[in-house]
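Enquirer: Spelled out from the first residue to the last, the chains are:
There are 2 protein chains.
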Amino acid sequence: MNNQKNKKVGKHTVKLSNPPKIIATYSIVGPKEGEGPLRDYFDEILNDDTCGKDSYEKAESDMMHTAIRGVLGRTNLKEEDIDYLFAGDLLNQITSSSFAARQLNIPFFGLYGACSTMSESLSVAAMMMDGGFANYVIASTSSHFSAAERQFRFPLEYGSQRCATCQWTVTGSGAMLLAKEGNFPEVTYVTTGVVKDYGIKDPNNMGAAMAPAAVDTLVRHFKDTGRQPNFYDVIATGDLGKVGKEITNKLMMEYGYDIRENYVDCGDMIFDDVVQNTDAGGSGCGCSAVVASGCFYKKLMRKEIKNVLLISTGALMSTTSSLQGETIPGIAHAVAIEYKDK
Amino acid sequence: MNNQKNKKVGKHTVKLSNPPKIIATYSIVGPKEGEGPLRDYFDEILNDDTCGKDSYEKAESDMMHTAIRGVLGRTNLKEEDIDYLFAGDLLNQITSSSFAARQLNIPFFGLYGACSTMSESLSVAAMMMDGGFANYVIASTSSHFSAAERQFRFPLEYGSQRCATCQWTVTGSGAMLLAKEGNFPEVTYVTTGVVKDYGIKDPNNMGAAMAPAAVDTLVRHFKDTGRQPNFYDVIATGDLGKVGKEITNKLMMEYGYDIRENYVDCGDMIFDDVVQNTDAGGSGCGCSAVVASGCFYKKLMRKEIKNVLLISTGALMSTTSSLQGETIPGIAHAVAIEYKDK
Numbered sequence: 001m002n003n004q005k006n007k008k009v010g011k012h013t014v015k016l017s018n019p020p021k022i023i024a025t026y027s028i029v030g031p032k033e034g035e036g037p038l039r040d041y042f043d044e045i046l047n048d049d050t051c052g053k054d055s056y057e058k059a060e061s062d063m064m065h066t067a068i069r070g071v072l073g074r075t076n077l078k079e080e081d082i083d084y085l086f087a088g089d090l091l092n093q094i095t096s097s098s099f100a101a102r103q104l105n106i107p108f109f110g111l112y113g114a115c116s117t118m119s120e121s122l123s124v125a126a127m128m129m130d131g132g133f134a135n136y137v138i139a140s141t142s143s144h145f146s147a148a149e150r151q152f153r154f155p156l157e158y159g160s161q162r163c164a165t166c167q168w169t170v171t172g173s174g175a176m177l178l179a180k181e182g183n184f185p186e187v188t189y190v191t192t193g194v195v196k197d198y199g200i201k202d203p204n205n206m207g208a209a210m211a212p213a214a215v216d217t218l219v220r221h222f223k224d225t226g227r228q229p230n231f232y233d234v235i236a237t238g239d240l241g242k243v244g245k246e247i248t249n250k251l252m253m254e255y256g257y258d259i260r261e262n263y264v265d266c267g268d269m270i271f272d273d274v275v276q277n278t279d280a281g282g283s284g285c286g287c288s289a290v291v292a293s294g295c296f297y298k299k300l301m302r303k304e305i306k307n308v309l310l311i312s313t314g315a316l317m318s319t320t321s322s323l324q325g326e327t328i329p330g331i332a333h334a335v336a337i338e339y340k341d342k
Numbered sequence: 343m344n345n346q347k348n349k350k351v352g353k354h355t356v357k358l359s360n361p362p363k364i365i366a367t368y369s370i371v372g373p374k375e376g377e378g379p380l381r382d383y384f385d386e387i388l389n390d391d392t393c394g395k396d397s398y399e400k401a402e403s404d405m406m407h408t409a410i411r412g413v414l415g416r417t418n419l420k421e422e423d424i425d426y427l428f429a430g431d432l433l434n435q436i437t438s439s440s441f442a443a444r445q446l447n448i449p450f451f452g453l454y455g456a457c458s459t460m461s462e463s464l465s466v467a468a469m470m471m472d473g474g475f476a477n478y479v480i481a482s483t484s485s486h487f488s489a490a491e492r493q494f495r496f497p498l499e500y501g502s503q504r505c506a507t508c509q510w511t512v513t514g515s516g517a518m519l520l521a522k523e524g525n526f527p528e529v530t531y532v533t534t535g536v537v538k539d540y541g542i543k544d545p546n547n548m549g550a551a552m553a554p555a556a557v558d559t560l561v562r563h564f565k566d567t568g569r570q571p572n573f574y575d576v577i578a579t580g581d582l583g584k585v586g587k588e589i590t591n592k593l594m595m596e597y598g599y600d601i602r603e604n605y606v607d608c609g610d611m612i613f614d615d616v617v618q619n620t621d622a623g624g625s626g627c628g629c630s631a632v633v634a635s636g637c638f639y640k641k642l643m644r645k646e647i648k649n650v651l652l653i654s655t656g657a658l659m660s661t662t663s664s665l666q667g668e669t670i671p672g673i674a675h676a677v678a679i680e681y682k683d684k
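Here the protein sequences line up with chains G and S, keeping their order.
The working numbering puts the first residue of the first sequence at 1, with every later residue one more than the last.
The working numbering puts the first residue of the second sequence at 343, with every later residue one more than the last.
These are computed hints drawn from the structure, not numbers from a lab.
One thing to keep in mind: the hints can contain errors.
DSSO-like mimics (lysine-lysine), calculated; alpha carbons at most 30 angstroms apart, straight line [as the list claims (entries may be wrong)]:
1. K357(S) to K21(G)
2. K522(S) to K223(G)
3. K353(S) to K21(G)
4. K543(S) to K15(G)
5. K180(G) to K682(S)
6. K420(S) to K223(G)
7. K15(G) to K420(S)
8. K8(G) to K522(S)
9. K180(G) to K363(S)
10. K180(G) to K522(S)
11. K357(S) to K180(G)
12. K299(G) to K7(G)
13. K522(S) to K640(S)
14. K682(S) to K8(G)
15. K21(G) to K350(S)
16. K353(S) to K7(G)
17. K15(G) to K363(S)
18. K15(G) to K648(S)
19. K363(S) to K11(G)
20. K363(S) to K8(G)
21. K11(G) to K420(S)
22. K78(G) to K353(S)
23. K363(S) to K7(G)
24. K349(S) to K340(G)
25. K180(G) to K350(S)
26. K180(G) to K349(S)
27. K543(S) to K53(G)
28. K682(S) to K7(G)
29. K11(G) to K357(S)
30. K584(S) to K648(S)
31. K357(S) to K8(G)
32. K15(G) to K353(S)
33. K15(G) to K357(S)
34. K522(S) to K7(G)
35. K11(G) to K349(S)
36. K7(G) to K420(S)
Take the sequences, apply the hints, and build the full model.
Expert: Right under this line is the structure:
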């Protein structure tokens with residue numbers, strides 16, 4: 001088992017010895033996301049963000065179920081062929097994921113990393129594939145604006161005011177299906193985040209809370225792999241929004257990395273904040289999920305780009321922790337996705 | 343990479359090719375658990391279940407941090423030596439785990455499987471070890487009676503009545519440290535659960551909601567491995583309690599497996615329900631964590647038993663899902679722990 005030692009490169013990064021291929025993705029979004037700048041990349045745009053259900057929570061779970069069925073439908077695989085489903089979401093006790101998994105006969109591992117969950121689920125999924133435990137796995141996350149607002153902030157009916165640093169939770173779900181073989185984009189490196197807390201207490205400024213975690217993981221990734229920022233065509237944080245993105249650019253510069261040229265943020269990309277009134281940008285587990293499954297994956301498949309470093313970012317708070325005066329810790333996990341010409 | 347194909351045995355089970363060793367465990371419990379039948383097995387018994395903090399939620403997080411520091415203290419390892427921490431808990435957005443991880447410089451994967459989280463974290467931890475991604479990992483979970491009561495049921499101050507099928511959330515946290523080498527109990531098989539829902543709606547009868555998931559995973563484990571129940575010295579479900587245990591015994595019999603001789607339930611073991619007024623028994627992520635880390639691990643180390651099949655069981659509901667009329671899905675993950683004489 002000598003290959004076991006080769007997988008770790010540096011303290012926080014592993015190099016996959018048999019990089020799993022992302023053979024299909026599926027993205028489903030709400031009406032607002034469907035009016036945004038990335039509209040043409042999504043596989044499905046809802047006309048009705050309740051999905052015909054009697055609650056937003058049920059609608060969110062339905063979206064994830066649709067995304068998982070959707071990604072299966074892009075292949076000739078059945079749910080019985082899938083060895084594991086790795087999924088998570090923002091709702092208390094990740095019920096969107098559990099209730100989606102209830103409708104599927106797939107061994108299920110629930111994950112929670114707040115808005116970092118897409119790259120967390122993709123990390124664990126890829127490592128399980130590479131470890132020899134699976135032939136096919138699915139990684140998925142979801143979020144829903146209306147379900148998140150009433151759980152984390154106020155019922156929509158209150159009409160609470162928003163602020164300039166506020167973000168807009170993305171209504172959407174993305175799913176990725178990983179396999180051993182095929183000419184597809186593959187997961188090559190996984191850099192796992194540690195929890196970082198720089199004392200931000202404002203739950204309306206998640207970007208600032210999460211940016212140090214993103215910077216920490218980015219710097220570790222570059223150090224561990226020996227790569228420079230210009231190696232990647234796209235470096236994409238999950239949902240730092242405009243505020244967090246600016247902080248990230250500045251902090252990275254302090255560490256000696258100028259990432260401005262190829263650095264984007266999924267939350268910054270998904271809405272047109274001037275027209276759509278989304279303030280600092282999109283957020284939520286679904287944000288980086290649909291931007292990665294929709295936009296980046298399709299750009300990779302079309303050979304418009306050859307690689308992406310996806311760093312979904314999570315704010316690890318609850319309403320209870322904030323009300324008890326706690327600061328907001330952040331975490332970020334990086335996954336390198338590369339499409340090598342063969 | 344031919345060894346990749348050998349790890350799957352049957353649809354839901356993997357056999358670890360280099361079984362990770364559980365080189366240390368640590369268990370910390372509250373005062374009530376410290377008065378129960380298993381008191382002599384726990385490493386630390388709190389006199390004060392607030393741990394000197396100003397909220398039960400902070401106390402729970404502190405317990406997990408203590409358990410993780412405790413398991414490190416049982417070895418000569420430092421937190422820098424640990425490649426990954428896999429942890430989860432019952433609180434919204436698993437803040438007990440995230441806030442414990444905040445104090446540790448260890449790459450962190452948050453998990454959520456309700457009360458199944460201990461065997462979920464141990465499953466993923468063992469597979470990551472066996473996959474060659476880590477030299478040392480820690481798996482941990484926690485729960486706290488008073489934090490769980492006010493989140494899932496009522497504030498304690500209401501003095502709500504309990505019913506015969508009610509369970510008592512365990513105040514406690516357990517941690518296990520896995521390594522590649524050493525003469526210790528090892529993780530040999532992992533059987534991952536699917537979500538099962540048989541329509542139970544009563545959030546005061548979790549045992550009935552979770553029992554079908556436990557039975558499903560047990561039957562799959564026996565079929566996949568070819569083992570019979572009598573192979574194990576102990577078959578332990580997580581927290582089905584008295585009601586769920588009885589259902590499990592009956593359902594297993596219907597599937598042709600008589601497990602009564604060596605079948606126990608951690609929730610049934612941890613309290614003396616007559617003296618301690620715990621009704622159907624203990625529950626919570628911490629329940630199977632402290633019983634496995636405390637009782638079973640020490641029995642293995644003392645050679646009183648040679649193997650355990652641990653099946654932590656989770657009810658995948660939230661207060662929101664129950665109030666919206668949803669049924670309660672369950673999940674169960676099985677991990678075989680064996681101490682082979684060498």
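Enquirer: Does each hint fit the structure? Answer for all of them.
Expert: Against the structure, the hints come out as follows:
| no. | hint | result |
| --- | --- | --- |
| 1 | K357(S) to K21(G) | 24 angstroms, holds |
| 2 | K522(S) to K223(G) | 26 angstroms, holds |
| 3 | K353(S) to K21(G) | 21 angstroms, holds |
| 4 | K543(S) to K15(G) | 45 angstroms, violated |
| 5 | K180(G) to K682(S) | 34 angstroms, violated |
| 6 | K420(S) to K223(G) | 22 angstroms, holds |
| 7 | K15(G) to K420(S) | 24 angstroms, holds |
| 8 | K8(G) to K522(S) | 15 angstroms, holds |
| 9 | K180(G) to K363(S) | 28 angstroms, holds |
| 10 | K180(G) to K522(S) | 26 angstroms, holds |
| 11 | K357(S) to K180(G) | 19 angstroms, holds |
| 12 | K299(G) to K7(G) | 28 angstroms, holds |
| 13 | K522(S) to K640(S) | 20 angstroms, holds |
| 14 | K682(S) to K8(G) | 29 angstroms, holds |
| 15 | K21(G) to K350(S) | 19 angstroms, holds |
| 16 | K353(S) to K7(G) | 27 angstroms, holds |
| 17 | K15(G) to K363(S) | 24 angstroms, holds |
| 18 | K15(G) to K648(S) | 36 angstroms, violated |
| 19 | K363(S) to K11(G) | 21 angstroms, holds |
| 20 | K363(S) to K8(G) | 19 angstroms, holds |
| 21 | K11(G) to K420(S) | 14 angstroms, holds |
| 22 | K78(G) to K353(S) | 14 angstroms, holds |
| 23 | K363(S) to K7(G) | 20 angstroms, holds |
| 24 | K349(S) to K340(G) | 28 angstroms, holds |
| 25 | K180(G) to K350(S) | 15 angstroms, holds |
| 26 | K180(G) to K349(S) | 15 angstroms, holds |
| 27 | K543(S) to K53(G) | 19 angstroms, holds |
| 28 | K682(S) to K7(G) | 28 angstroms, holds |
| 29 | K11(G) to K357(S) | 27 angstroms, holds |
| 30 | K584(S) to K648(S) | 25 angstroms, holds |
| 31 | K357(S) to K8(G) | 23 angstroms, holds |
| 32 | K15(G) to K353(S) | 27 angstroms, holds |
| 33 | K15(G) to K357(S) | 23 angstroms, holds |
| 34 | K522(S) to K7(G) | 15 angstroms, holds |
| 35 | K11(G) to K349(S) | 27 angstroms, holds |
| 36 | K7(G) to K420(S) | 21 angstroms, holds |
The earlier numbered hints that this structure contradicts are 4, 5, 18.
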